[in-house]
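Residue numbers (our numbering), protein chains in the order written: chain A, 1 to 377; chain B, 1 to 209.
One or more hints might be untrue.
Derived DMTMM-like pairs: lysine to aspartate or glutamate, alpha-carbon spacing no greater than 20 angstroms straight-line [claimed, not checked]:
1. K125(B) / E201(A)
2. K71(B) / E39(B)
3. K54(A) / E66(A)
4. K319(A) / E270(A)
5. K336(A) / E27(A)
6. K158(B) / E73(A)
7. K328(A) / E35(A)
8. K158(B) / E78(A)
9. K158(B) / E18(A)
10. K9(B) / D118(B)
11. K125(B) / E190(A)
12. K362(A) / D230(A)
13. K234(A) / D178(A)
14. K331(A) / E18(A)
15. K190(B) / E18(A)
No lab work stands behind these hints, which were simulated from the structure alone.
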Amino acid sequence: MCKIIYHNKYGLYNLGNEHPFSPQRAEMLIELLQELKVFKEPLQPSAVNPEQLKLIHDKDYVNIVENVSAGNEQGQAEKYNLGTADNPIVKGMAEGARYQVGGTLHGVQLLMENKANKVITFGGGFHHAHKNSAAGFCVYNDLAVAIKEMTNQGMHVAYLDIDVHHGDGVQELFYDDDKVMTISIHESGEFLFPGTGWIYELGRGSGRSLKLNIPLEPFSEGDSYLLAIDKVVKPALAWFRPDALIVQAGADAHFSDPLADILLTTYDYEKLFKEIISIAQNSCNNKMLFTFGGGYSPTATPRVWALLYFILSNIEIPKYLPKKWKNKWEKILNMKFPDTLHDALPAYDEIPRKQEIINTNKDTIRRLMDSVSQHWL
Amino acid sequence: MLIREIMHKNPITIPPETPLFEAYKIMQKKNIRHLPVLENGKLIGIVTDRDLRLATSQLAEKPFKPEDIVKKIMSSPVQTTAPSDPIEIATKIMRELKISSLPVLENEKLVGIITGADLLDAMLKLTGVHRPSGRLDVELSNRSGELAHLTNIIANHKINIHSILTYPEEDNKIRVVLRINTMEIKTLAKEICGSGFVVIWPPHISCAK
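Based on the provided sequences and hints, a complete structural model is requested.
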């Protein structure tokens, strides 16, 4: 069975009503699952203390984040990319972030202690947070803290990032680590934040050829994501055979996402999640942890994560959205939901450059495999 | 960007009496392709690995021997540049004369050398991504104040600009590619578009009123 991790205090990481990274996403998901009568009481993690964050982050950086979050003036905040449009300073955000780090950490502890094979935390996924800088809505890197905890125990860990943005923070923090494989599938950095995640970023030193990036063309569709899973993720993990798989399951590659340009439908997500779980079962010691991440379309993100929950829990996917839930959130958001949990098809207009995009993505995948497969012997 | 910022300081040099085999050995050992030739502290020539290979090739009409001295085959006089030159001037000279390096002279003294590879590195630096950022691609009219107007909008959103790249387009337009520190680029792009700019990337945005 799948263990759920969540704490009300995750919601303290609230960057403001205008900010797209909203705790409302978890709230909507939980209500949806409750309405569908499938919600299980989550395990409540404790927050990590600032000391534990120093596994990954610089002391000075942690001190500044804690300070500004407590409402103290800090002249140096901007140096750490705090107080910017993407990373505004909000009271209590450090505590909220520490609860979410605690959630991800609790998840990997369950895996390590053999108390669970499948875990999902209804938060976390802060893949852009760096050693000494906030970035892209992220402050503390929960994924890196959890991965570090595992490698400190001697485990080999694979990290898969399906968020539409490159998982730059996690990649950089383990760039020369031979115990950690990172794989990120994302929209090409030529256009999208953070601008990195090219196929030639392969790791350094003994970490070489353990860091993989699959940058896809804007307006890529589900087939390209699934091809990347089949041609890269599957053989990579079959070779690396990690002790566990950590998945950053950002939902912002959905076609309706306002921040990016990839065109996955919920049907693609269903296939993607099933494929990832099957790979984790076969190649990753059957141990997996899923976190949230990006996902800025309020009408799509809760549905995508609900699908993940159903698939992880082996519950049959319901056809319709509960009317009560739908009506309530349509009113609050002033947006229209489909009647069904899945997208209404056709989801979007035919893409004129469809074949060209597919071919470019195939070339990218081929070039990546040409440069790494010789190392996987 | 100036030559002094990208040049290799204190380049390896040889005297004019150096035998060809010796020059070849130095290039192999130091993994370089260009050797400035100095006589009494003055730059009098330059020899490249290609010069050596062509001069000693069995296919040449009268091949030089390994023991011949570089003075016989070096290029002279040498095209040079100054540390204060902008890199685009050096690039232009190298392209026009079809040469692959330029020694750097200051007060007639050799102080450095740049090669085509250094200019490629410079291009990477100018166009590359050094901080997490997203792409904003805007077309400007070629008149004063346009860029200031654009960057003002970005500043008002408290968004940091990491790099700006511009190039001329047809119809007296200027393309400006900015790398800016935000994930939420479309909200900003709508406002920029609403202020009368043509936004090329992100695509398909509806302009704010």
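Now the hints, each set against the structure:
Our distance criterion of 20 angstroms between C-alpha atoms is met by K125(B) and E201(A), whose separation comes to about 17 angstroms. The straight-line distance between the Cα atoms of K71(B) and E39(B) is roughly 10 angstroms, inside the 20 angstroms bound, and the hint therefore holds. For the proposed pair K54(A) and E66(A), the alpha carbon gap of about 13 angstroms is at most 20 angstroms, so the pair holds. Proposed proximity of K319(A) and E270(A) is supported: the alpha carbons are some 13 angstroms apart, at most 20 angstroms.
For the hint linking K336(A) to E27(A), the alpha-carbon distance of about 18 angstroms falls within 20 angstroms, and the restraint holds. For the hint linking K158(B) to E73(A), the alpha-carbon distance of about 18 angstroms falls within 20 angstroms, and the restraint holds. Only pairs whose Cα atoms come within 20 angstroms are accepted, and K328(A) paired with E35(A) is accepted, the gap being roughly 12 angstroms. Using a Cα cut-off of 20 angstroms, the hinted pair K158(B) and E78(A) holds, with the two alpha carbons roughly 11 angstroms apart.
Only pairs whose Cα atoms come within 20 angstroms are accepted, and K158(B) paired with E18(A) is accepted, the gap being roughly 14 angstroms. Between K9(B) and D118(B) the CA atoms are separated by roughly 12 angstroms; this keeps the pair inside 20 angstroms, and the hint holds. A threshold of 20 angstroms between alpha carbons decides the hint, and for K125(B) with E190(A) the separation of about 15 angstroms falls inside it, so the pair holds. Proposed proximity of K362(A) and D230(A) is supported: the alpha carbons are some 12 angstroms apart, at most 20 angstroms.
A distance of roughly 19 angstroms separates the Cα atoms of K234(A) and D178(A); the hinted pair therefore holds under the 20 angstroms criterion. For a cut-off of 20 angstroms, the pair hint linking K331(A) to E18(A) stands: about 17 angstroms separates their Cα positions. Distance check on the hinted pair: K190(B) and E18(A) sit about 15 angstroms apart at the alpha-carbon level, within 20 angstroms; holds.
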